[in-house]
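Enquirer: Spelled out, the chains give:
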Amino acid sequence: MDGENSGDITGWLEQWAQGEPAALDHLAPLVYDQLRTIADNLLRNEAPDHTLQPTALVSETFLRLLDLHQVSLNDRSHFFAFAAKLMRRVLIDHARRVKAAKRSVPGLLPLDPELGWTGALNEESLDLSAALDELETLDAIGVRALELRYFLGCTGEETAALLGISASTVDRSVRFSLAWLHSRLHSQT
Amino acid sequence: MPALSKERFQQLAAWFGEALRIPAGAARDDYVTQVSGGDVTIREDLLRLLESDSDVQRSASSGGPSLLPPRLPRFGAYQSRELLGAGGMGAVYLATREDGELRHRVAVKVAAGVLWSPAFDERFRRERQILAELQHPYIARFLDGGLTADGAPYLVMEYVEGERIDAWCDRRRLSIRARLELFLKVSEAVSYAHQKLIVHRDLKPGNILVTEGGEPRLLDFGIARTLEPSGNGGDAQATLSPGLFATPLYASPEVLLGQNPGVGCDVYSLGVMLYELLSGRRPFSGANLQPAQIIERVLASDAPPMSAAVPDDPEIAQARGVDAAQEIRRQLRGELDAVAAKAIAKSTADRYASVEQLAEDLRRYLSGYPVLATSVGPWRRAAKFVARNRTRVIAVALIAIALVAGLVGTTWQARVAQRERIASDRRFNEARELARYLVFELQTSVGDLPGSTPVRAEMVSRSLAYLDRLAAEKSNDESLRVELGRGYLQLADVLGNPFHPNIGQPARAQESYRKAIAILEPIAAKSPENRDARVYLARGKLMLGRSIGFNAASAEGRQLVESATEEFGRLAARWPSDFTVHSQAASAYYTFAQSLLPLGYVSTNNAGPALDAARESTVQARAALLLKPGDPDTVRQLSSGYKVMGDLTELHDRPGATQFFRQSLAALDQLNESDRQSVVALSTRSSALLGLGWNLGNLGDFPASLAALEEARQIRDRTSEQDPKNIQALYFRSIPLRDLAIVHQMAGQNAASLQTFLANIEVMDRLIVQSPSNLGYRFSRAELESSAANLATKLGRMGEAEQLASAALPVLKQAAERPDASAVELAIAARHLLETEVRRLRDPKLALTFAIKSSQLDAKDSEIQEILAEAYWFNGDRPHAVAAIQQSLALIEQTPTPTRQALEKTFRMYQTAKLP
Numbered sequence: 343m344d345g346e347n348s349g350d351i352t353g354w355l356e357q358w359a360q361g362e363p364a365a366l367d368h369l370a371p372l373v374y375d376q377l378r379t380i381a382d383n384l385l386r387n388e389a390p391d392h393t394l395q396p397t398a399l400v401s402e403t404f405l406r407l408l409d410l411h412q413v414s415l416n417d418r419s420h421f422f423a424f425a426a427k428l429m430r431r432v433l434i435d436h437a438r439r440v441k442a443a444k445r446s447v448p449g450l451l452p453l454d455p456e457l458g459w460t461g462a463l464n465e466e467s468l469d470l471s472a473a474l475d476e477l478e479t480l481d482a483i484g485v486r487a488l489e490l491r492y493f494l495g496c497t498g499e500e501t502a503a504l505l506g507i508s509a510s511t512v513d514r515s516v517r518f519s520l521a522w523l524h525s526r527l528h529s530q531t
Numbered sequence: 002m003p004a005l006s007k008e009r010f011q012q013l014a015a016w017f018g019e020a021l022r023i024p025a026g027a028a029r030d031d032y033v034t035q036v037s038g039g040d041v042t043i044r045e046d047l048l049r050l051l052e053s054d055s056d057v058q059r060s061a062s063s064g065g066p067s068l069l070p071p072r073l074p075r076f077g078a079y080q081s082r083e084l085l086g087a088g089g090m091g092a093v094y095l096a097t098r099e100d101g102e103l104r105h106r107v108a109v110k111v112a113a114g115v116l117w118s119p120a121f122d123e124r125f126r127r128e129r130q131i132l133a134e135l136q137h138p139y140i141a142r143f144l145d146g147g148l149t150a151d152g153a154p155y156l157v158m159e160y161v162e163g164e165r166i167d168a169w170c171d172r173r174r175l176s177i178r179a180r181l182e183l184f185l186k187v188s189e190a191v192s193y194a195h196q197k198l199i200v201h202r203d204l205k206p207g208n209i210l211v212t213e214g215g216e217p218r219l220l221d222f223g224i225a226r227t228l229e230p231s232g233n234g235g236d237a238q239a240t241l242s243p244g245l246f247a248t249p250l251y252a253s254p255e256v257l258l259g260q261n262p263g264v265g266c267d268v269y270s271l272g273v274m275l276y277e278l279l280s281g282r283r284p285f286s287g288a289n290l291q292p293a294q295i296i297e298r299v300l301a302s303d304a305p306p307m308s309a310a311v312p313d314d315p316e317i318a319q320a321r322g323v324d325a326a327q328e329i330r331r332q333l334r335g336e337l338d339a340v341a342a343k344a345i346a347k348s349t350a351d352r353y354a355s356v357e358q359l360a361e362d363l364r365r366y367l368s369g370y371p372v373l374a375t376s377v378g379p380w381r382r383a384a385k386f387v388a389r390n391r392t393r394v395i396a397v398a399l400i401a402i403a404l405v406a407g408l409v410g411t412t413w414q415a416r417v418a419q420r421e422r423i424a425s426d427r428r429f430n431e432a433r434e435l436a437r438y439l440v441f442e443l444q445t446s447v448g449d450l451p452g453s454t455p456v457r458a459e460m461v462s463r464s465l466a467y468l469d470r471l472a473a474e475k476s477n478d479e480s481l482r483v484e485l486g487r488g489y490l491q492l493a494d495v496l497g498n499p500f501h502p503n504i505g506q507p508a509r510a511q512e513s514y515r516k517a518i519a520i521l522e523p524i525a526a527k528s529p530e531n532r533d534a535r536v537y538l539a540r541g542k543l544m545l546g547r548s549i550g551f552n553a554a555s556a557e558g559r560q561l562v563e564s565a566t567e568e569f570g571r572l573a574a575r576w577p578s579d580f581t582v583h584s585q586a587a588s589a590y591y592t593f594a595q596s597l598l599p600l601g602y603v604s605t606n607n608a609g610p611a612l613d614a615a616r617e618s619t620v621q622a623r624a625a626l627l628l629k630p631g632d633p634d635t636v637r638q639l640s641s642g643y644k645v646m647g648d649l650t651e652l653h654d655r656p657g658a659t660q661f662f663r664q665s666l667a668a669l670d671q672l673n674e675s676d677r678q679s680v681v682a683l684s685t686r687s688s689a690l691l692g693l694g695w696n697l698g699n700l701g702d703f704p705a706s707l708a709a710l711e712e713a714r715q716i717r718d719r720t721s722e723q724d725p726k727n728i729q730a731l732y733f734r735s736i737p738l739r740d741l742a743i744v745h746q747m748a749g750q751n752a753a754s755l756q757t758f759l760a761n762i763e764v765m766d767r768l769i770v771q772s773p774s775n776l777g778y779r780f781s782r783a784e785l786e787s788s789a790a791n792l793a794t795k796l797g798r799m800g801e802a803e804q805l806a807s808a809a810l811p812v813l814k815q816a817a818e819r820p821d822a823s824a825v826e827l828a829i830a831a832r833h834l835l836e837t838e839v840r841r842l843r844d845p846k847l848a849l850t851f852a853i854k855s856s857q858l859d860a861k862d863s864e865i866q867e868i869l870a871e872a873y874w875f876n877g878d879r880p881h882a883v884a885a886i887q888q889s890l891a892l893i894e895q896t897p898t899p900t901r902q903a904l905e906k907t908f909r910m911y912q913t914a915k916l917p
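Heads up: the protein sequence lines correspond to chains A and B, in order. Quick note on the working numbering: the first sequence kicks off at 343 and runs consecutively. Quick note on the working numbering: the second sequence kicks off at 2 and runs consecutively.
No false leads were slipped in.
From the structure, some residues in chain B lie toward chain A, with a derived Cβ separation under 8 Å: (1) Lys7; (2) Ala14; (3) Asp56; (4) Val57.
No lab work stands behind these hints: they were computed from the structure. Idealized CB from N, CA, C, for every residue including glycine.
Let the sequences and hints guide you as you build the complete structure.
Expert: Below is the structure:
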């Protein structure tokens with residue numbers, strides 16, 4: 343990250359928050375590597391005794407961004423929402439790689455057919471991503487709440503604070519979104 | 002669910018939120034119906050969302066949902082890197098161990114949840130030891146195991162890079178021969194594990210990988226057993242969740258039924274894989290079958306021959322190196338079909354006994370020798386399987402009967418029309434076969450199942466009706482008539498054979514036995530070489546005699562038994578290597594021995610002939626067991642023979658008698674576990690325990706005696722509770738209670754004794770409710786009450802004693818005053834009138850009248866003479882008392898038994914003591 347882009351971050355974050363998809367492509371390079379590291383650590387759990395809190399790590403990333411660049415503190419919530427979305431992309435990419443690896447080594451233990459979509463990340467995570475995209479067209483806030491809750495591990499209160507809505511609204515929205523995703527994913531198979 | 006508009010989505014979200022406030026159920030459904038306003042799509046969408054919600058919430062409570070990747074846990078020295086698979090039973094991780102520069106890759110299988118218990122801990126340790134010893138080039142090595150911090154057990158296995166065996170074979174287009182060769186390697190590994198006493202239990206293509214070099218690697222050996230919550234042996238969980246660890250696609254019927262699987266289940270799974278690897282289809286396949294449907298098929302239907310299963314799919318043919326399905330079918334037809342069929346036989350008895358035998362047959366095939374497997378007739382196969390799956394079978398039995406009805410109906414119509422005689426005969430034979438099957442095989446197989454008695458009676462009598470009609474149609478068919486006779490025997494057994502579970506209709510049973518005899522007698526007379534006719538006839542006479550009984554009033558019962566026993570003696574000499582004849586002869590001699598024993602108060606003067614007959618019974622039973630080791634019925638017969646020998650020995654030689662009872666118990670150890678738990682075997686065991694317990698008690702070994710009697714009591718309580726309508730089982734509960742009460746009393750445990758008497762009175766009450774016209778139960782109840790009253794007096798519970806005795810004595814008196822009162826009833830009534838501790842109810846005068854009458858009816862019973870002496874004594878008649886006691890002494894063995902010593906003491910007392 344160098345200083346040249348610094349002035350743009352706030353602007354891009356704002357644009358992204360207002361629903362400009364292209365903003366993601368401008369912002370991603372700035373933090374993708376950090377988020378990728380967070381995700382990888384999460385997936386590998388390299389240090390089992392030290393619990394990695396993605397939320398804390400994202401905070402750290404944001405603070406570094408704040409130091410280095412002209413990012414306003416008000417952008418924090420935008421940034422978190424953005425980071426959650428990016429995290430989702432990182433994790434889905436990971437699943438895609440796992441899937442690709444599986445194809446080349448067909449002898450690996452098959453996934454248990456009883457495994458629901460909610461278990462580990464797996465091939466079905468790709469369907470999950472598509473379903474999330476579809477959900478986004480119907481309820482953008484709901485997806486954001488979901489991403490914060492489940493991809494960044496934010497609590498209900500943190501999610502509510504970041505999205506500027508009440509905690510009960512987050513709970514209701516998340517519960518409905520999960521039910522919708524579940525029935526969407528099951529109706530496809 | 003289909004795509005929605007944004008508005009609809011928001012509307013659904015709002016209703017969804019409202020609906021969640023209403024508890025799930027009718028009220029919530031009403032709400033949904035109401036808001037949907039008749040729009041079916043809305044209603045369905047909303048219901049589906051709510052259903053999804055409950056799924057999500059359920060998985061949330063069991064650890065999910067999480068869109069985050071799972072934590073990759075550490076297992077001892079191994080750090081997991083990737084989740085390879087997960088499911089209800091646990092998860093599999095790829096893990097590594099850092100060892101200097103080297104990075105070992107391993108697979109870690111961890112069980113879901115905590116299974117820890119001290120017993121599990123111990124077993125887990127033992128199993129790991131066994132797994133560690135499993136070292137074979139074709140088996141993925143076991144490396145380590147332990148418990149996670151959460152207490153979940155895990156196993157570390159060699160990580161195998163390879164391809165599933167089926168995919169590997171297809172991709173390389175292996176010919177049938179090459180597939181067989183690879184399969185033999187797999188068999189070698191399984192066989193090796195079996196020698197180490199490890200059964201896989203979940204063999205499937207997914208567990209067999211083939212390496213680049215073409216070597217198979219078997220995964221997960223012993224995993225199922227090791228990661229199970231608890232060991233085998235009556236574990237409810239294991240029985241309730243059949244196939245907990247196994248996929249139903251490859252699991253054998255016994256695994257699906259939750260029975261203890263042995264090596265046979267691996268033979269079966271290998272058989273399914275062989276079938277699939279060769280034909281391209283699994284034996285019980287079908288598009289989109291649910292697991293339950295697969296289980297249904299595996300249990301209830303026979304697989305088509307492997308060659309017939311090959312689909313017309315050029316891909317499958319090409320994957321086997323040939324062009325057309327026809328070519329594969331040709332190769333599989335015949336010998337390989339037979340091998341596969343034998344490997345996947347439903348019953349382990351029809352299956353290859355070991356993987357080695359299966360492999361041997363395949364090697365024979367590959368070297369051009371004929372295989373040893375031959376096809377088994379479908380009826381035989383199904384019958385054998387049925388024998389092991391009794392519960393299910395009862396459920397389908399009545400359906401099968403309906404089928405017979407249909408077949409017979411068709412036959413008749415065909416005959417009436419006088420057309421297509423050949424087709425009609427074929428159907429006739431089918432109907433006959435089915436009826437036979439229902440009457441004999443099915444009947445035998447459900448015979449010992451608790452609670453099944455009424456169902457069996459229904460089954461047999463309905464099937465018999467069809468046989469009857471068939472026999473009427475072909476009245477000169479000798480073999481059919483023999484079968485019919487046999488059918489009536491079976492029906493009679495269920496109706497009222499007192500030595501089998503029965504529905505308590507002895508009159509109808511006797512009628513049925515007589516019908517069997519009437520059918521069989523002319524055939525046996527006409528064709529002395531017709532073994533079946535003679536055997537069934539003799540058996541019919543035996544059973545009828547047994548059913549009529551051996552009381553003094555009627556000689557018919559004893560005569561029938563004697564004539565049957567003589568006939569069996571002849572049959573055993575004529576057909577010396579015939580198991581059935583020896584086995585039935587054992588039963589006949591046994592019954593004959595019983596017929597020589599007067600019931601009730603046993604006098605041992607005629608023990609000699611009875612003892613000889615009982616000994617001959619054990620000789621015949623052992624001869625039968627040489628021909629068919631471990632046969633359950635014969636083992637029980639042998640056990641009963643020893644038991645009767647014990648009964649006949651006990652009065653003059655108690656230590657000798659306990660030896661016979663112990664032999665009786667030991668004989669039952671020849672049974673396998675499930676036969677040992679059958680109702681009849683348990684009943685035999687409880688009888689031997691009673692004999693043992695009673696004699697140990699009389700020898701003064703109270704702890705051992707009470708332990709044996711208590712076990713007998715528990716067996717009989719359980720048996721009766723499982724089959725509440727079985728009057729006999731209920732009656733049999735009272736006997737250990739009686740003995741327990743007496744031994745408790747001998748041991749000075751009066752309170753325990755009284756309690757047992759009261760429990761016995763309750764049993765009698767239930768018997769009286771079920772069989773109100775049976776005066777015997779009322780008499781027994783009164784006898785028990787009077788004994789209980791005496792105990793209550795000793796314990797100082799006077800009110801209770803008064804109450805019990807004043808209820809009991811009038812009943813005893815009334816019974817003894819009946820003109821047809823038996824000697825035993827008179828003697829018992831007399832004894833209680835003399836001895837009751839509620840003194841105001843004593844009546845020595847009436848007691849003397851009863852005792853005199855009793856001794857007139859049976860002058861040869863030592864105990865009756867003793868009671869007579871007592872009655873004279875209490876009436877102040879010393880000379881008669883002394884004379885009677887002398888008579889009593891003359892009637893028992895001259896050896897100084899405790900009974901004799903007691904009588905001699907009484908004798909001296911009556912000579913010298915002051916009159917009361």
